[in-house]
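Undergrad: The residues making up each chain are set out below.
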Amino acid sequence: MIKLTGIEKYFFAGTPNAIKALDSINLEIKQGDFITLIGSNGAGKSTLLKAIAGVINVDAGKIEIEGEDVTGQAEHVRARDIGRIDQDPMASTAAELSIEENLAMAYLRGQRRGLAKAVSTRRTAIFQEALQVIGLGLENRLKVPVGTLSGGQRQALALVMATIARPKLLLLDEHTAALDPNAAKLVMGITEQVVSGNKLTTIMITHNMEQAIRYGNRLIMMHRGRIILDFDASEKKDLTVPALVNKFTSTSGAVFDDDRVLLA
Amino acid sequence: MESVVTSALQQGLIFAFMALGVFLTFELLGFPDLTVEGTFPLGAAVTARAIIDGANPLLAVLMGALAGGLAGAATGLMHTRLKVNNILAGILTASAIYTVMLRTMGRPNIPLLANENIYGRISGWFNLTENSFSIIIILALITLLVRFLLGWFLNTDLGLAIRATGSNERMIRSLGVNTDNTKLLALIISNFLVGLSGALACQFQGFADVGMGIGVLVAAIASVIAGETIFGGNSLGRLLTGVILGSIVYRGLLALGLRLGLPAEDFKLITAVLVLLVLCLPSLKTTIFWQKDSIAKQPGLSAQPSDKTGREGDA
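Going line by line, the protein sequences match chains Y and S.
Start counting the first sequence at 1; every next residue gets the next number (the working numbering).
Start counting the second sequence at 1001; every next residue gets the next number (the working numbering).
Careful, some of the hints might be misleading.
Subject to a maximum C-alpha distance of 30 Å in a straight line, what follows is the list of computed DSS-like cross-link-like pairs (lysine-lysine) [said to hold, decoys possible]:
1) Y:Lys185 with Y:Lys199
2) Y:Lys62 with S:Lys1083
3) S:Lys1268 with Y:Lys20
Take a look, some chain S residues computed to stay more than 10 Å from chain Y by CB distance [to be verified]:
4) Phe1153
5) Ser1167
6) Asn1168
7) Met1171
8) Ile1172
9) Leu1175
10) Val1177
11) Phe1267
12) Cys1280
In case anyone wonders, no lab produced these hints; they're calculated from the structure.
Note that the coordinates shown come from a computational prediction; the quantities given were computed from them, not determined experimentally.
A virtual CB, placed ideally from N, CA and C, is assigned to each residue, including glycine.
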């Protein structure tokens, strides 16, 4: 369904500091896959997600969504197919606008925006229904500015916004990393619910190995711009954190250098 | 005193269109658009030229407003397509407009006292004579119409996309909106309103002058701040109405100052200092009283680096 072929991305090309951020990435993602993506600092995880979403342009390779070549497409064009949430709770919602206004913008993902009333009665009903699923009571606070919500509530709302228009692909870039443990747990629960409930094809970056093993049906590990490990559902089932660290060390020849991962 | 109220209403309503335009770019879009210092006299110049060429006053005013919209488009295209810095793009347009105005008028100013104006024309429709009262009624009606249209538009899908561009550009782009286009559209609408303001001002004063734009931006910002502070609330509708009322209050204060014998040449400095004080209030509070929780405001006018966090409640 989504196919990456020979993706390369350089930063600071032509300077002494040149970095190969993505190094011949080949990846085929099947409809309904829930991939957890893990790797040490600077492995290229976020760069990969940004390349897929079109936030950055790749230097070589091809990105296809359902057979359509989207490699050169602008971010806002690709957005019709791709829902995305960042680590920063401020990034995926508009603070000055109300909950219902945020949802109204997300509801029209990738569509032409005209002079129809953004928050109509019919849409309000749809928004309330979508918010009920996550069980935070936000459906009763539609007119509240999003800036008054907590980080956890904003990320939960961002999940609803990212999925309300049924994108073909959902990209989660450590979307719980900036939250306190309780809020992170809550948002992860909602994530699982939303993703499995809609059978959404998803890539989720996480720093938490235990989380990476627990969620999803496929686990991918990156290192220095390459995909070095790729476990399918059956291989992933019996995986443990120590086993994963060992596997990393033997495959990459490096020591896993991210405290956040090991301590998580 | 009566003359102060009359003057506040007439001037305030005329400049309210400009304040609304400035509110749209500075506050909602977070785009400090300096084009407007040129757009305001441009609206007047184009209207004046059209009048002396024999155009219907209504058409002349509309042409003034449209010329303003074009100026906004010039700045918008420079910024979005040619990637010129937003402030510089506005300055370039405003500077170029000076030549356009001189070419349009053929001289630095045009007196129009001998020509029929839009207020006389509309008064005539209702068999009224043109006087300060009928002018206020006409201006109030146009203001109401614009206020209503703007309120409606900003709550449509397209209007919401413009507001979102100011609130969180990255987010609205990730939802499939070309933010270059929303910025361009907002600049056109804003400068259309500023051009309209200039056109109505020139009709009211009975002349157009290339110098009539000096300081109008600061005055508009003062009106916006006055409106938000005195009348504003959370809802967009209240803010729009507040900006109009703010413009009336600001012009009222100026008229009052004149009445009390304050020298008119001091007004621009006084206004600038007042605006500076109001803008700096949150950060002054922070430094003087060590308050951590200063007012987190909308993208535009506050001197604080606008943090998009808002307030954090409990989960």
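Undergrad: Are any of the numbered hints broken by this structure? If so, which, sorted upward?
TA: Of the numbered hints, 3, 4, 5, 6, 7, 8, 9 and 10 do not hold.
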